[in-house]
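The chain contents come next:
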Amino acid sequence: MENKQIISLLAHNHPGVLLRITSLISRRGFNIDSLTASPSGIEGFSRLTVRMSGDDDQVEQFINQMLKIVDVKKAEVLPEESSVAMELILIKVNSDAGNRNDIIALTSTYHASLVNLGESSLTFRASGTPGQIDKLIAELAPFGILEMARTGIAALENGDTCLAD
Amino acid sequence: MQLNGSEIIAECLLEQGVDTVFGYPGGAVLNIYDALYKYSDRITHILSAHEQGAAHAADGYARTTGKCGVVIATSGPGATNLVTGIATAFMDSIPMVAITGNVSNDLLARDSFQEVDICGITLPVTKHNFIVKNVKDLANVIRKAFRIAMSGRKGPVLIDIPKDVTGAVCEYTPEEPVISPEPVLSSQSEFEAAAQAIDSAKRPMIYMGGGVISSDAEKQLLDFAEKTDCPVATSIMGLGGFPSSHRLFMGTIGMHGGYETGKAADNCDLIITVGARFSDRVAGDRKKFGEKATIIQLDIDKAEINKNVRTDYSLVGDLKDTLARLTEAVSLTKHDEWNAQVSEWSKKSGVKETPKSDDYAHPYHVIEAVRALASDDDIIVTDVGQHQMWVSQKYSFEKPRRWCTSGGLGTMGYGLGAAVGSAVANPGKRVILFTGDGSFHMNLNELATVCSYDLPIIVVVMNNTVLGMVRQWQKLFYGRRFSQTDPHRKTDFTALAQAFGVKGLRIHNDDDAEKVLAEAFASKEPVVIDCRISPDENVLPMIPPGKTVDDMVTEME
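Going line by line, the protein sequences match chains V and F. Under our numbering, the residue at position 52 of the first sequence is numbered 52, and the numbers go up by one with no gaps. Convert by adding 165 to the 1-based position in the second sequence; the result is the number in our numbering.
It should be emphasised that the hints constitute simulated quantities derived from the structure, not laboratory data. It is possible that part of the hints are untrue.
To be verified - Heads up, simulated DMTMM-like pairs for lysine to aspartate or glutamate below, C-alpha to C-alpha not over 20 Å straight-line:
(1) Lys452(F) / Asp71(V)
(2) Lys453(F) / Asp57(V)
(3) Lys232(F) / Glu347(F)
(4) Lys452(F) / Asp56(V)
(5) Lys73(V) / Asp388(F)
(6) Lys68(V) / Glu347(F)
(7) Lys74(V) / Glu563(F)
(8) Lys452(F) / Asp55(V)
(9) Lys74(V) / Asp364(F)
(10) Lys384(F) / Glu679(F)
(11) Lys298(F) / Asp71(V)
(12) Lys73(V) / Asp466(F)
(13) Lys68(V) / Asp466(F)
(14) Lys457(F) / Glu563(F)
(15) Lys4(V) / Glu43(V)
(16) Lys452(F) / Glu60(V)
(17) Lys564(F) / Asp388(F)
(18) Lys309(F) / Asp71(V)
Keep in mind that this is a model prediction, so the values were computed, not measured.
With the rest of the complex left out, here is chain F (with noise of 0.2 Å):
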């Protein structure tokens, strides 16, 4: 059939089972929301406040579901308020298809209005990009950018289309989505090799991360656990990989992570690493970081085998096969001492608390407040800092795609927006965002977005006044010297709720901390509550930038 090229967006989402899209309208773009409007039938569209807001939703959306997210926007600036929302999702894996409007082709290249050279700018943090100047390209352009976002090691891919190529009409042939199977990549001495290293280990330890979740292989992670009986760490994006209340699960490794962890990733004898790439916040040290043990590392991608830690064993493919092939080829262990030996260390892994205040909550209370309002269900979102760093502490995860953080840019300003996308694609659940107050500032203009899809976020807003991780380093690294990190705000955190349309509410302490969160939680509505922190309150414990388990600090002040 004859279409023009916005139609032929419209038809190729479809094909790909698209029915919910993130974006923000424009002059470049106006064909193609001309189609949306007429497919709006079929084809929901999620007007943000902000581009950006916009990035971070179909993110949102991507995570909590596994499948690709979709965002919109126009040419110039609406482009290049996706990036960092892009950038986030291709530092953590997530798969998404970001299309943009560009001017005409008679216009590119002359610095027209709202004219942007998008791939050039996405080229580092796209997984691949295009820019398509003839109709009759279009829809086998989407649909490999679907192939390309959703294979291998997922990721964002941009599409930027010239105004007049979305209204030149063009034949339109649907087609089915290739679905092609991951290859494992690793031949079967090379697990039998692994198998035999993890056979023979006596402390061996699972290092898992975002790659657990990007695959749905947790259950054969926990299969392999259990009969490896081997204790498991997680990066803060394996979170929900592994149930937390499983007797073999420490909890996160690294800056922040657990004093259990550092102690057996030093200590033990072989590292198998799950879907993860030993990243900086992670091995801070890299050339010491398990240094007394053999390395596994399991990947689907080929690149991240030695980047940064030298493997001994490496299996390449996608995980749910890969390790399901290792389990069988594993034997049926024990390692009761050494289990027991992590155990001991988790008894030492509590940090002091602060006193009791008046004037604050403590940040532990809250996060286990809402836990235990919250069903293992629930979807948690964060924004990035210290309340990152206590939920991804904290709270406990039983199952995958419930947890949206940005882990690897480390987005200040990215958790309004991903909650809206896990709100707009898990209608039967409650989104839990929590934000700090700097995080918050960022982009609070979608509390906008919020109010017209009456969105049942419940919003916890950390308020500790200060930009409290920077301060943090700032006591530790620079002499006490607070440069920009106390903005002296007035926001009124209720107020400014309910000039959006949303209900506004107060944490004083930890006395009233269950009191105000039962009343946002059965509410249907959308609830911002200001909960207010210590400026001082602290992350711990704490492994120093470029440091080990060795150096890690306790306590502050």
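Looking at chain V on its own, in the form it has when it is part of the complex (with noise of 0.2 Å):
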């Protein structure tokens, strides 16, 4: 079944580790949505959180081939119903007088925060599972959006369990 699936991977900080996991997302046509990478508090390590579109066998490949890269020591699915994913995104949006208050009174049910006040704009800081940023960014669409960043996912297990295990 086509679904989302987050996969989170330690991998030794060396240079060039990047490279070596995009190329091999690129060589094999493995579909990504995002892909973040950041230190992971262990010392020479990065953690590196993947969300990617693909059958259970797509995934069961993508993490089989990100194991075989050297410098990759741990490639796990996140599941969905026991870990948090959250991502930030910064969004533009075009706003005059008129249309103010209503814009802010919607991103609040977001819990966005109002970062920035232009002349004809505005630009909103949230966090939020992707499927929330999703909707945000769906409801301000007809205001028009000036431009936006997404981090792409962090995530972790939920409980006790750690990757680097």
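Both chains are given apart, each in its own frame, so use the hints to dock them into the complex.
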């Protein structure tokens, strides 16, 4: 079944490791929605979080191929029901005096905070699950989105288990 | 002790048991070649005519010995010339360490003379690669490179070394190579479940591949096949991993495989896949391949499981261990009726031979004549194309590591370099290269190497004057529009051989094949035989790409 899956990778932060991972994604034709890389908190290791579309076979293949990269030490699916996955968005919306209050009221239901007030625009910061962020974008679209930047997902498994275990 | 980077390279090669390397010198590896001069009593360097030939030679060396092949080239074009050889080794899981020089650290990233990002270029065709910017890291990187090349699913590793690193001095402490056993990832219950599936099968077959050879698991496979009484089909990479003369051996499976292997795969109720990967040349239609059968797959590479064809049971680990454990878990069985059925199919396997001619020899006839003269220990190398398929169909291999062919990448021009590597690695054995006039033209410059080292290679050029395999596809699928497959070359291969200092002979037709080949085998020197083949000869049977055995073509023209 085709679905969205989140995969966490733990990799040595050697030069070129991101290239090895992205090159593999590209040449094996995996379908990626987002990829984030950041320090893992473990000396010498980076944590990468990938959101991909694919059926179970493709996800299995993705993990097995990733584990063949010498610098990749761990690759695991984060089950949706037992993980927390969040991303952050900065979004700049067209706005004038007439609709400013409507927009602010709408974004407040998403716990978005106004970070900048322009002459004819408002910029918000919001965080949430990818689904919540998608919805926020959809709701703001009618006002005219000038630009936006999403960080991609940060995700951790619930409970005491850690990727490095 | 204090050594410079180049001496550290030499010492680390010796640590790994390397006594032979292939390569070609150049500016960025001058220091390394200076060390090779100093170590020439312990490390033999074979100089090729072109870096690609050196890479294929390291590959042939590795395939025929099971050891890691080593190739050295300079920066820039030296390094890029290795790429086809590295990719060939990668596709066939052949262990190789490629060492390239690069410009000095202070010249890197400035588009300096003969600078190229070879790590970037080879990233998709190596198991791993390194650039060593500090001499202190050099010894450990070399050790790690050999470990990666030789462990798990084997393959090539590249080490790029800037010139200043090869000259810089640091402390070197010798270390013994670490050999860690390959883990078996599957549990006992998975073995038992697979064994149960095998025990309850009525029409089981084995589909084996090159993994059997890279794991040296031919004995374990033989025991398993005999205990389960399973007929055996092989990919062309697996040839030699199971004796061709054995009653259970069917032959190759796939595009140019036999009728019986295709029928068996289509009618069996169980396929036990051993070190093979369901490539498109075997499973033309991967949705239909073995669709009526339960599939068990044994492989060292977990990523091969469910990659091309979905399996019902998988056992991950070194084949020597997994096969031995599986053999222990299965019951002794007989499948007389099923094996009789396979024999029936094999009787229908033959293809119509083309009529005898005064102007041409028949490829099967030449291959059989070579087989009659060669011992089971002699090594057969091929290039890529029709001749390669004819040899894979007809030559009966009894032992592993006597067969070098570019199975995965299909590299025309692979053969002569690989033959050089095989001959260097196996001084007592005869090396016979079957090539085509198309493939041979690509890298025949290595005849110079054959001559320099006086390697007793017999080159049989199956000369049909056309690019036969592509032409065959043009006949079948492109309405006989022979676009660029008839080069009208006038090359006289016997004169060419003589120009290089190699003996040249000619086979005109079937009648003189035995005599000419006997002369070649009797002489202990390198020989090139120009063997005239009809341009209209086809490789049959053939399952068209994407099709199944039901669509098998057995007759053309």
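(Q) So if I understand the rule, the pair passes when the alpha-carbon distance is 20 Å or less; does Lys232(F) with Glu347(F) pass? (A) It holds: about 17 Å lies between the C-alpha atoms, which stays within 20 Å.
Q.
Check whether the Cα positions of Lys384(F) and Glu679(F) lie no farther apart than 20 Å.
A. With Cα atoms ~34 Å apart, Lys384(F) and Glu679(F) exceed 20 Å; violated.
Q: Could you grab the alpha-carbon distance between Lys452(F) and Asp56(V) and see if it respects the 20 Å cut-off?
A: holds, 17 Å
Q: Measure nothing beyond the straight line between the CA atoms of Lys457(F) and Glu563(F); if it is 20 Å or shorter, mark the hint as holding.
A: violated, 31 Å
(Q) Please verify whether Lys452(F) and Glu60(V) have alpha carbons no more than 20 Å apart. (A) holds, 18 Å
**Q.** Distance restraint between Lys74(V) and Asp364(F), which requires alpha-carbon spacing of 20 Å or less
**A.** Since the Cα atoms of Lys74(V) and Asp364(F) sit roughly 37 Å apart, the hinted pair is violated (cutoff 20 Å).
**Q.** Satisfaction of hint between Asp71(V) and Lys298(F), Cα-Cα up to 20 Å
**A.** holds, 18 Å
Q. Do the alpha carbons of Lys73(V) and Asp388(F) lie within 20 Å of each other, as the hint requires?
A. violated, 36 Å
Q. Holds or violated: are the alpha carbons of Lys452(F) and Asp55(V) at most 20 Å from each other?
A. With a Cα-Cα distance of about 16 Å, the restraint between Lys452(F) and Asp55(V) holds, given a limit of 20 Å.
Q.
Given the hinted pair Lys68(V) and Asp466(F), is their Cα-Cα distance within 20 Å?
A. holds, 9 Å
**Q.** Agreement of Lys309(F) and Asp71(V) with the hint, judged by alpha carbon distance not exceeding 20 Å
**A.** At roughly 12 Å apart (the allowed maximum being 20 Å), Asp71(V) and Lys309(F) satisfy the hint.
(Q) Just to be careful, I want the Cα atoms of Lys564(F) and Asp388(F) compared with a cutoff of 20 Å; is the pair within it? (A) holds, 15 Å
Hints 1, 5, 7, 9, 10, 14, 15 from the earlier list are contradicted by this structure; the remaining hints agree with it.
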